[in-house]
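Participant: From the two separate chains plus the hints, produce the assembled complex.
Protein sequence lines, in the order shown, are assigned to chains A and B. The first sequence begins at 1046 in our numbering and counts up by one. The second sequence begins at 4 in our numbering and counts up by one.
Among these hints, one or two may not hold up.
So the derived label-pair ranges between C-beta atoms look like this [stated by the list, open to error]:
| id | chain 1 | residue 1 | chain 2 | residue 2 | range |
| --- | --- | --- | --- | --- | --- |
| 1 | A | Ser-1159 | B | Lys-317 | 45 to 55 angstroms |
| 2 | A | Leu-1096 | B | Leu-279 | 24 to 34 angstroms |
| 3 | B | Ala-92 | A | Gly-1134 | 33 to 43 angstroms |
| 4 | A | Met-1225 | B | Thr-174 | 46 to 56 angstroms |
Keep in mind that the hints were calculated from the coordinates and are not lab data. Backbone N, C-alpha and C fix where the C-beta goes; we use that ideal spot for every residue, glycine too.
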Amino acid sequence: MVVVQVIVGGLLLGAIYALFSSGLTLIWGMMNFINFAHGEFVMLGMYVAFLVVVWLHGGPAVFGLAAALALFVLGVGVYASLIRHVIRGPMLSQILSTFGLALLLRYTAFWIFSANFVSLPQTSLAGTLKLGGIFLPIAQLVAGAVAIVLTLALHLLLTRTTIGSRLLAVAEDRAAAMLMGIRPDRMQALAWGLSAGAAGIAGALMATSYPWSPSVGETFGLIAFVVVALGGFGSVIGSLYAGLIIGLIQAVSAFYLGAIYKDIVVYGLFVALLWLRPQGLMGKA
Amino acid sequence: MLSPRVGLCLLGAGLLLYPLILSGPFYRDIGVTFLLAAISASAWNIVGGYAGQVSVGHSMFFGLGAYMPLLVYTLWGWPPIAGIPIGIALAIGLAAVIGLPTFRLTGHYFSMATIAVAELIRILFGTWDLVGAAIGLQGPAVGRGWWDLTFRNELPYYYIFLAVLAVLLLTTAAIERRRFGFYLRAIKASERAAKSLGVPVRQTKMKALALSAAFTSVAGSLYVIKTGFIDPDSGFGILISVQMLIVAALGGAGTLFGPLIGALILIPSQTVTNSLFGGGGSGLTYILYGGIIVLIARFEPGGLLDLWYRLAPKLRKRAHV
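Excised from the complex, chain B in its bound form (with noise of 0.2 angstroms):
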C-alpha cells in the first residue's frame, strides 16, 4: 500500500505535470474547469464540512467575488484583479450579515438564510443597472498589458489556479492542527457540548463562515478572470452552490482532500455526460446531481474518502489470505 506521504506527492506530480502531459485543449479545459470546482468546493468545506453549518447558498459569495473584477474594469478601467480585494471585502461583509444573527439559532436557520439570501441577490443584481441588470458584465475583450491576465492559452490559468489551490489546502491544514479546527469539530459534533467546554462557538462559527466567504469569492474572482464574462445566474444561480456541495460532499465534507477526490471525479463524468447528451442534456445532469446528492445524504453522509477508509483495512486483510 501506498504510504499517504508518497500519494501526496504522486498527487501533486500529477497535479503539475497534467497539463504538460495532456496538452490538447480539451483537456485543458477540464483541468481548469476541476481545479475552479475544487478551490469553490474546498473554500465551502471550511464552514459546511469542518463547521457542519451547511451552506446552500455559497453563489452569494461566488458572485460577489465574480462581479467586482469586471465592475471596477467597467466603471475606472481597473485591471480585474483590482477587485479581488474589494470582493473579498465584501463577502465577509455578508457573512456578517448572515452569520452575526442565525449563528444564535440552530443550523437549519442558518441554511435557510443562505439560500433566501443567494436568491435576493441575485434578482438584485439582474435588476441592478450599475452591474448591467439581466445582461451582465464583460471584461477586457483583448489584454491591454499582463496585468489584465487575458492569456489565449489556457495554461497559465491552471497554474494560477493550482496555486491558489495550494494556498487554499494548506490554510485548511494549518486549521486542522491547531485549537480552531479542535473547536469547528467539537461544535460539529455537538454544539450544546462544545459550549458547556468553553468554545466560544458563536465566534467560531463566524470566523469560518468568514474565511469559507473570502475564498468563495476569490473563486468566484478567477472564474470571472478566465471568462472574462458574468451575469446574474452564472454568479448568483443556484447551481453555483449545488456544485459546491455536490463536490465537496461526494469526496467527503470535513476532509481535507474530500472536496479535491470529489472534484476529480465529478468534472470528468460531467464533461463525458454533456458530450454524451449534447447541449440538452444539463436538464438530465441536474436530475443526476439531486439522485447523487439524496444517495449521500441516505447512505454515505461521510462521502467515498469515509467509504474508502472503511472498506480498505477489508480490502488489504482480504488480499493477506
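Chain A with its partners taken away, still in its complex shape (with noise of 0.2 angstroms):
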C-alpha cells in the first residue's frame, strides 16, 4: 500500500514538473531557445502566491491567478527588454541572457526573502482523503489535476487555434509568417508570457503542498531541463508524459535508495539521454 502511496505522490508531483517544463519546451520550440532562468520563474511564482496570500488573504484560484498573470508579464517584459535583442546575436551572449537573469532572480530572491524555507499558510484546501488504503492531500490532488489539465490546454492551444497556428508559424519560418501578415515580435512575445506563466502557476500550485527557499529555482530549471529532453525538445505533450514519468521515477527512488538520491538519479538519467536518444521520445533531433 505504501507503494502505491509513494507512486501517486510522484505522478501528482510529476504532473506539475510537466506544466512549467511545457513552458520550456514551448520557447525551444518556437526559438531554438534555451532559458536557465525558467526554475526562478517557477520560483517566483512560489513567493507570489506566498505574498498574496499573505497580504490579501486570497483564496487558491486567486493566488494562481496572480502568480500566472504576474509572471506572464515578467515574461513578455523579458523579452521585450532582453532575448529580443540577443536572439540573433552570438551564442554567447544567448546563453549569458538568461543564466545571468537567473542569478539576478535567485540572489535578489535571497535577500528580499532570506533563505530560510518558508510554506504557504493554512488555505481552504487542507485535509486529506483517505482511498482504499492510501492518502491523498486535497492539496495536492487539485494541483495535480489543475496542472494536468493545464498543460493539456496547452497543447490545444498550439494545434487547434489560430493563435497556435500562428504561433507555430513563426516557429516554422519567421519570414514566411511575416509574409502572411503575422507579427513575429509579438507571437514571440506571447510565447514568452505563456512560458513564464506556466512556470508562475505551477509554482503557485506546488507551493500549496511543499515547502521552498529561493535555491529551488536551480532544482526545478534542472528539473525541467530533464522533462524536456525526455519529452522531446518542442513538444508539449511530450513534457506531459515525461514530466509524469520523471515525478514517478524522482518518488520511486527516494522510497527506495533515499532521499539525497533522487536527484542523482533524475540527472544521472539525463546524462544517459544525451548518449542515448538526444531528440527524446516524442521529438526530432
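Facilitator: Structure representation (C-alpha cells):
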C-alpha cells in the first residue's frame, strides 16, 4: 500500500513538473532557445502566491491567477527588453542573457526573502482524502489535476487554435510568417508570456503542498531540462508524459534509495538520454 | 600610444614585481586570488570563448582537480601535487563523456549538459564517504617537506600561479596562430559553413574542451594546494562556474588577454565590495554578478576589450583635433 502511495504522490508532483516544463519546451520549439532562468520563474510564482496569501488573504484561485498573471507580464517584459536583442546575436550572449537573469533573480530573492524555507499558511485546500488505504492530501490532488488540465490546454492552444497556428508559423519560418501578416515579435512575446505564466502557476500550485526557499529555482530549472530532454525538445504533449515519468522516478528512487539520491537518479538519466536518445521520446533531433 | 609589444612587457613586469612592491599580506592575497581567477577564466576561454561552446558547468573540472590532490594525500599519504595528473586525466575523461554526445547537436545542448553534470557531481561528492561527503577533505596541516608545497608566505604561491598562467597564455597564443585556432574561429562564426569547408567540427570542439578541462583541473589543484581544504560547494558549486564565465566575458571572451583584463577589474572590486558590505554582502555580490552578465549579453557581448578596440581609434582622432 505504501508503494501505491509513493507512486500516486510522484505522479501528482510529476504533473506540476510537466506544466512548468511545457513552458520551457514551448520557447525551445519557437526559437531554439534555452531559458536558464525558467526554474527561477517557478520560484517567483511560489513567492507571488505567498505574498498574495499573506497580504491579501487570497484563496487558491486568487493566488494561482495572480502568479500566472505576474509571471506572464514578467515573461513578456524579459522578451521585450532582453531576449529580442540577443536572439540573433552570438551564442555567448544567448546563453549569458538568461543565465545572468537566473542569478539576478535567485540572489535578489535570497536578499529579499532570506534563505529560510517558507510554506503557505493553511489554505482552504487543507485536509486529506482517504481512498482505499492511501492518503491523498486534497491540495496535492487539486494541484496535480489543475496542472494536467493546463498542460493539455496549452497543447490544444498550440494545435487547435488560430493563435497556436500563428505561433507555430513563426517557429517554422519567421520570414514566411511575416509575409502572411503575422507579427513575429508579438508572437514570440506571447510565447514568453505563456511560458513564464505556466511556470508561475506551476509554482503557485506547488506552493500549496511543499515548503520552499529561493534556491529551489536551480533544482526546478534542471528538472525542466531533464523533462524536456526526455519528452523531446519542442513537444508540449511529450513534456506531459515525461513530467509524469520523472515525478514517478523521483518518488520511487527517493523511497527505495533515500531522499538524497532522487536528484542523482534524475540527473544521471539526463546524461544517459544525451548518449542514447538525444531527440527525446517524442521529439525530432 | 603604447605599442602592443611595449604594453605586453609592462604587463609582464607589473605582474612579476607586484608582490615585491605591494608586499602586505592583504595585497598578496588579492594577487593570488587574481591569478587563480585569471587561470580558470583563461582555461574556460579556450572552449567557451574561442570555440563558442558556452560551458556553464566548468566547476566540474575545477572540482575534480581540487579533490584529487587531497584524495591521494588522505588515502595514501602522497604529496598533494601527485594528484594533479590524476585530476587532469579525470577531467579529460569527463570532457569526453559530455562532449562526445552533445557536440553532435546545437550549442544549447552542451550548455544544458554542463550545468546538469556539474550539479550531479556536486551532489554525488556530497554523499560519497570516500571523498569526505559533505565535510570534504583536508590537506597536510604542516608540510612534511618542500614537496608538500605548504608555505607560510603567499609569495611562492604567487609565482607558481604566475608561471602556470604564463604557460596557459602561451599555449593559447600558439593555438591562435595554428590551423587548430582557425578551425575554432570558423566553428564559432558558423558551424555549418565550417563543416562544408571540411573542418572536422566535432573533433575540434572535443579537443578544445579536453584542453580547457585539463587546464581548469590544474586551476582547481592549485587552489586546493594553497588552501589545503575542499568541500563539495567550494569545488563544484555553481558560483565557481559563474566566476569563470563573468571574468572571461567581462574582459572579452575569445581573446587572449580578455580573461586577464576581466580578472584585473573584477577581483580587486570584489574584494572592495566584500570589505564594504562585510560577510553578509556576498549575496549582494552575486546580484551584481547576475546584473553584469545580463548587461554584457545585452550590450557588449565582446566584452571590455572589444569596446576599447572600437573606442580607442575615435579617442585618438579626437586627441589629434
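Participant: Would you mind marking each hint as holding or not holding in the structure?
Facilitator: Going down the list of hints, with the structure as the test:
Between A/Ser-1159 and B/Lys-317 the CB atoms are about 47 angstroms apart, so this pair conforms to the stated range of 45 to 55 angstroms. Taking the beta carbon of each, A/Leu-1096 and B/Leu-279 are about 30 angstroms apart, inside 24 to 34 angstroms as hinted. For B/Ala-92 paired with A/Gly-1134, a C-beta distance near 37 angstroms keeps the hint of 33 to 43 angstroms intact. Checking the proposed 46 to 56 angstroms range against A/Met-1225 and B/Thr-174 shows it holds: the Cβ atoms sit about 52 angstroms from each other.
When held up to the earlier numbered hints, the structure conflicts with none and fits them all.
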